[in-house]
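The listed protein sequences correspond, in order, to chains A and B. If you read the first sequence in our numbering, its first letter stands for residue 164, the second for the next number, and so on. If you read the second sequence in our numbering, its first letter stands for residue 897, the second for the next number, and so on.
Read the hints as simulated data drawn from the structure, not as lab findings. It is possible that part of the hints are untrue.
[Stated by the list, open to error] For lysine-lysine, the following DSS-like pairs were computed, each having C-alpha atoms within a straight-line distance of at most 30 Å:
#1 Lys946(B) <-> Lys965(B)
#2 Lys226(A) <-> Lys315(A)
#3 Lys315(A) <-> Lys189(A)
#4 Lys997(B) <-> Lys965(B)
#5 Lys312(A) <-> Lys990(B)
#6 Lys189(A) <-> Lys226(A)
#7 Lys1000(B) <-> Lys990(B)
#8 Lys969(B) <-> Lys1000(B)
#9 Lys995(B) <-> Lys965(B)
#10 Lys312(A) <-> Lys940(B)
#11 Lys312(A) <-> Lys965(B)
#12 Lys940(B) <-> Lys315(A)
#13 Lys969(B) <-> Lys997(B)
#14 Lys946(B) <-> Lys913(B)
#15 Lys913(B) <-> Lys312(A)
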Amino acid sequence: MSGIISDNVARSTGLIKAASGGAAGKVLQCVTDSYSTEVQQQTTSFVDVGLSVAITCATTSSKVLVIMHTTGLQGVNNQFSYWTIERQVDGGSDTNLGHATLGLTHARGDRAFIGPTSMIYLDSPSTTSEITYFFQHRGSVSWVGSHYKSGKAIVTATEIGA
Amino acid sequence: MIREDELSIISAIVNIKSDAQVTVLGDDVNRITWSDGNPTNITKEQILAKQAELQAEYDTQQYQRDRIKEYPKVVDCIHALLDGGATLTDLQAKRTAVKDKYPKP
Chain A
164 MSGIISDNVA
174 RSTGLIKAAS
184 GGAAGKVLQC
194 VTDSYSTEVQ
204 QQTTSFVDVG
214 LSVAITCATT
224 SSKVLVIMHT
234 TGLQGVNNQF
244 SYWTIERQVD
254 GGSDTNLGHA
264 TLGLTHARGD
274 RAFIGPTSMI
284 YLDSPSTTSE
294 ITYFFQHRGS
304 VSWVGSHYKS
314 GKAIVTATEI
324 GA
Chain B
897 MIREDELSII
907 SAIVNIKSDA
917 QVTVLGDDVN
927 RITWSDGNPT
937 NITKEQILAK
947 QAELQAEYDT
957 QQYQRDRIKE
967 YPKVVDCIHA
977 LLDGGATLTD
987 LQAKRTAVKD
997 KYPKP
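In isolation and in its complexed conformation, chain A is listed as follows:
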């Protein structure tokens, strides 16, 4: 029965049972942040749009579950919006966790299209240095917007013992 989610009776609310003999699968920490300023940009490459979260893992074997959510806006017709998550370690090296040009998710929309965007990524950063996850966005043709009307965008990073 090791490694499965079970036997949650009499445990603390929300606690996931660890695999036998260690912290595997156990939530070690959970951090969150938000951003509430609309960002509009016209760029051919991914750029930060204000939303980020920092976390420092307890061990190099930990995994980090990153969840991000915001609302996007299309500035012109027949355009694609691309979103991705960038991982930065200790304020230094940057890694796009998605496809180099497509990112982690994308959507096509016309002028005035407004829609939700979510990204979920299970990262294996292999470091105990501070990691910052940045939400990035770009359009294919012209300008695009994130955090429409300065609505609240949210990011959550959860460290999971491996």
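Fit chain B to the known structure of chain A by using the hints.
Here is chain B on its own, set in the frame of chain A:
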């Protein structure tokens, strides 16, 4: 017809230079980051002037937005065109009334 979202700072910038590489925070002319280094040296004054120009154009189109809200529905127009006679005359009268209510400036 200009949309309200197209009165933003970035929209003004793109109207000045269509291939500008730029990010604007909070629709604030003082919070602009130029990814391309702003090679043509677009100024805040130029951006605000273009935004005012777009706003003026948007304002002159107000009668169009007002008319659209009150014009007869497309399906009613189709019925009137097919039926002809008094139905068509009545519909044309409704359209004229809306136009008179919201005259073109």
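Hints versus structure:
{"no.": "1", "hint": "Lys946(B) <-> Lys965(B)", "result": "28 Å, holds"}
{"no.": "2", "hint": "Lys226(A) <-> Lys315(A)", "result": "26 Å, holds"}
{"no.": "3", "hint": "Lys315(A) <-> Lys189(A)", "result": "29 Å, holds"}
{"no.": "4", "hint": "Lys997(B) <-> Lys965(B)", "result": "12 Å, holds"}
{"no.": "5", "hint": "Lys312(A) <-> Lys990(B)", "result": "37 Å, violated"}
{"no.": "6", "hint": "Lys189(A) <-> Lys226(A)", "result": "10 Å, holds"}
{"no.": "7", "hint": "Lys1000(B) <-> Lys990(B)", "result": "17 Å, holds"}
{"no.": "8", "hint": "Lys969(B) <-> Lys1000(B)", "result": "21 Å, holds"}
{"no.": "9", "hint": "Lys995(B) <-> Lys965(B)", "result": "12 Å, holds"}
{"no.": "10", "hint": "Lys312(A) <-> Lys940(B)", "result": "22 Å, holds"}
{"no.": "11", "hint": "Lys312(A) <-> Lys965(B)", "result": "24 Å, holds"}
{"no.": "12", "hint": "Lys940(B) <-> Lys315(A)", "result": "28 Å, holds"}
{"no.": "13", "hint": "Lys969(B) <-> Lys997(B)", "result": "17 Å, holds"}
{"no.": "14", "hint": "Lys946(B) <-> Lys913(B)", "result": "11 Å, holds"}
{"no.": "15", "hint": "Lys913(B) <-> Lys312(A)", "result": "24 Å, holds"}
Hint 5 alone, counting from the list given before, is not met by this structure.
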